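Just need the whole structure built from these sequences, with the hints factored in.
These protein sequence lines map, in sequence, to chains P and S. Numbering follows numbering that gives the first Met the number 0, with no gaps: position 325 of the first sequence is 324. Numbering follows numbering that gives the first Met the number 0, with no gaps: position 140 of the second sequence is 139.
One or more of the hints may lead you astray.
As the list claims (entries may be wrong) - Where chain P lies over chain S, by a calculated footprint (3+ residues, C-beta under 8 Å): (1) 18-28; (2) 77-86; (3) 131-142; (4) 212-224.
Stated by the list, open to error - Sample of chain P residues with no beta-carbon within 10 Å of chain S, all distances over it, derived: (5) L86; (6) A147; (7) S156; (8) S256; (9) A257; (10) P263; (11) I280; (12) G285.
Read the hints as simulated data drawn from the structure, not as lab findings. Keep in mind the model is a prediction, meaning the values are calculated, not measured. Glycine is no exception: its CB is placed at the ideal position from the N, C-alpha and C atoms.
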Amino acid sequence: MTRLLEVSDLKKHFPIKAGFFGGTTGYVYAVDGVSFGIDKGETLSLVGESGCGKSTVGKAILRLFDITAGQVVLDGKRIDDMPAGSLRPLRRRVQVVFQDPFSSLNPRMKVKDILAEPIRNFGLAKDSKELDERVAKLMDTVRLPRDAVNRWPHEFSGGQRQRIGIARALAAEPDLIVCDEAVSALDVSVKAQIVNLLQDLQAELGLALLFISHDLAIVEHMTHRVAVMYLGKIVEVAPKRSLFAAPKHPYTQALLSAVPVPEPGASRQRIILKGDVPSPINPPKGCRFHTRCPYAFDRCRVEEPKLAQPSTAGAGHVAACHLHSLPEAENPLAAAVGELVVPA
Amino acid sequence: MALPGPRSGQPLLEVENLQTHFRTKDGVNRAVDGVSFHVNAGETVAIVGESGCGKSVTSMSILRLIPEPPGKIAGAIRFQGKDLLKLSDREMRQIRGNEISMIFQEPMTSLNPVLTVGRQIGETLRLHQGLSAREAEQKAIEMLTLVGIPEPARRVREYPHQLSGGMRQRVMIAIALACNPKLLIADEPTTALDVTIQAQILELMRDLKHRVGAAIVLITHDLGVVAEVAERVIVMYAGRKVEEAEVGPLFRTPRHPYTQGLLGSMPKLGSSLHGEETRLAEIPGLVPSLKAKIPGCVFATRCPHTTDLCRQVAPALEEKAPGHVAACHYALKEEALAA
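Put into structure tokens, the structure is as follows:
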């Protein structure tokens, strides 16, 4: 497969303004050096807890703001410093589906106008007849009745609105869709419908997805690869199976073990992390996870670990943890820890 | 603190044919339409269902927090033998926060931002137990220690915005438990929290249950949470109870097609490790409007096994196995087919 998107050492620091003159008194290190790539037709999931910077990464790729440092390369072209004029045609290729289907659709636009806007904007239809045809086709694609195009967003349920949101993203014929918690606000049964739709669309259209989510069970169900973020950094990247069978970062382990499993009486070894995520304004020195890590030792407090492939992991599996530089016998993460995930 | 009472005899809470309706411009909304259940002392009962199924309205009705009008609560809610619906407002206030207390979903919005944490925990103690300000603060520090907040003596003087989401939820739990309630209603207590924080709070609730012995009614949409903490489960759909069972049988052999659908539509962690990938089961369609009277089974429009009988006659709750009830005409047949 070919690379569609390459992000390298992406940083986004938001200034904190305070006082009468609005001087900058510090920075929120929302994303602090993140690198990853997405192939054509691939799903990469970005997981982590609130405040870890996963949505900021998504917005940076969409160029909803300028980044502080790093590079975003789409299909060989660097887009992070491209002037707005030449970026415009490229915007078509990366679209987004937002979390809240109630606030992400304009309540004063009919469905057909919502869907027609990107088509007009990018000049994808020759005349109004073709425009109508395209809109009707989009409705078919997301399994909504064609005659619903004349209705307003408030007439639809949450799941149907999310379908409209997906149709709007598809209208521009993108190569990559950023799904920012696109199914998180939906009820269980509706969530399943949307997840299945996204998977079908990916198979039909060969879309690449950047699936930003905190729901690990959904991620496991629909992704190819996973990147785990903690406090502005990626701590582990791996193909799905490799990650869920044997996570190589203590944070990923804890995250997986914390997910409640719908199987009463299942006995699992649970790692309960102490305390809360530290503030991204003043992130801990060394490894950012050391304040909560059950295995932290001296080196973790001073030296920041880099992403590397542990000797015990398979191809494409990297983790940023000093434990992997220890001899295998002393490394608590060396063994397969599948039992953390699979109820005994 | 009191030990859980005996399981036999009178239940702690008995809800009988609860009907909470709201008058709206375009008709009556039957948010809860004839729900009955009971909670024994010291027991954890979960009420699960999707948005709009009436689970929160049920919990609010128990504490009579439904504004009347436009709401209207009918039926009977017996707490320790007393019908709460017949009490005066004054008597009801003696019960709220004292014998029955509640934890709300949003720890961000359910604490008062202009009062210190200590004042808010102390408020119930001063009201119900007549403690002085100093005694109340002392007790508040004890409660903060109980819910595992570090440096309680400092935190007690802090305001909600100085605490993280997980800590605020701990404070909510401290407030709810301050007067040693016999019944704790937890409405989506972990939904707004991150998974690692959710794990901390669930652990805390399990631990406190052993120590305090209060019965818990847990309202949630997360079947994972249910499996972890509940003993008995009530599944609600469109304002009605469709199934009730002990937690084990409910997850192993769900009898109602809705419960089966819910369980099937949930992806399970570890699914990729068992070989091939499967599609998630969908429940087609939408929840019916609660404004029209539904003559037949509420799930008939979405059920894969619907017949004319389902559309015309509402199925009664039947015992399909000991302690396992479901409201479905065909639930037993399903079971026979599966076997």
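Against the structure, the hints come out as follows:
Residue count for the region 18-28 of chain S with a Cβ under 8 Å from a Cβ of chain P: 0. That is fewer than the three needed, and the coverage hint is violated. For the region 77-86 of chain S, the stated coverage by chain P is violated: 0 residues have a C-beta nearer than 8 Å to a C-beta of that chain, whereas at least 3 were required. Taking a C-beta to C-beta cut-off of 8 Å, the region 131-142 of chain S contributes 0 residues in contact with chain P, too few for the three needed, and the coverage statement is violated. Check result for the region 212-224 of chain S against chain P: holds, 5 residues qualifying (beta carbon to beta carbon below 8 Å, three or more required).
Once the 10 Å rule is applied to beta carbons, L86 (chain P) is consistent with being away from chain S; the minimum gap is 34 Å. No beta-carbon of chain S is positioned within 10 Å of the beta-carbon of A147 (chain P); the least distance is around 13 Å. The Cβ of S156 (chain P) sits about 5 Å from the closest Cβ of chain S, inside the 10 Å cut-off, so the non-interface label is violated. The claim that S256 (chain P) is not at the interface with chain S is violated, since a C-beta of that chain comes within 10 Å of its own (minimum 8 Å).
Chain S draws A257 (chain P) into its interface by the beta-carbon criterion, the shortest separation being 4 Å against a cut-off of 10 Å. Not every beta carbon of chain S lies more than 10 Å from that of P263 (chain P), the smallest distance being close to 4 Å; the non-interface claim is violated. With a least CB separation of 14 Å from chain S, I280 (chain P) remains clear of the 10 Å interface cut-off, as annotated. The claim that G285 (chain P) lies off the interface holds: its Cβ sits roughly 20 Å from the closest Cβ of chain S, which is beyond the 10 Å cut-off.
Consistency with the previously given hints fails for numbers 1, 2, 3, 7, 8, 9, 10, ordered from lowest to highest.
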